[in-house]
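Numbering of the sequence shown is given in the working numbering, commencing with residue 141 and proceeding in unit increments.
Note that these hints are calculated values from the structure, not bench results.
Have a look at the derived ranges for each label pair, beta carbon to beta carbon:
| id | residue 1 | residue 2 | range |
| --- | --- | --- | --- |
| 1 | Pro226 | Ser168 | 37 to 47 Å |
| 2 | Ser256 | Val165 | 38 to 48 Å |
| 3 | Ala153 | Thr207 | 17 to 27 Å |
| 4 | Gln178 | Ser238 | 17 to 27 Å |
| 5 | Lys214 | Met244 | 15 to 25 Å |
| 6 | Gly154 | Thr243 | 30 to 40 Å |
| 7 | Gln142 | Leu186 | 13 to 23 Å |
| 8 | Ser223 | Thr243 | 26 to 36 Å |
| 9 | Met244 | Gln152 | 30 to 40 Å |
| 10 | Gly171 | Ser256 | 36 to 46 Å |
| 11 | Thr195 | Ser223 | 15 to 25 Å |
Keep in mind the model is a prediction, meaning the values are calculated, not measured. Virtual Cβ for every residue (Gly too), placed ideally from N, Cα, C.
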Amino acid sequence: VQLQASGGGLVQAGGSLRLSCAASVSMSSIGAMGWYRQAPGKQRDLVARIFLSGTTDYAESVKGRFTISRDSAKNTVYLQMTSLRPEDTAVYYCYAFSVLRDTMYWGRGTLVTVSS
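Hey, can you work out the whole structure from these sequences and the hints?
Spelled out as structure tokens, the structure:
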């Protein structure tokens with residue numbers, strides 16, 4: 141499974157960005173797909189994920205501000221980020237979990253920088 145992430149950049153606090161992550165395989169073979177982020181000097185933490193069933197899950201810090209969605213026809217997951225804060229600054233990593241292979245796959249990180 142290969143993942144192609146895009147959409148990071150520099151934005152002012154209060155602004156919005158949308159991240160995209162396209163998978164090289166059908167999403168029907170992926171148990172969950174989503175985003176982690178890692179700020180400098182910190183561990184990588186889950187931001188949001190969407191399961192094969194369509195159920196979504198968010199970190200408390202982004203609830204109400206971020207929305208994860210998918211386009212199964214394009215094998216793509218999106219993370220719409222609004223009301224961005226400087227503390228959202230991090231490298232965002234797309235991931236996909238293959239149930240068939242019991243393996244987690246990672247895309248290249250995309251940097252999101254929120255200026256105050």
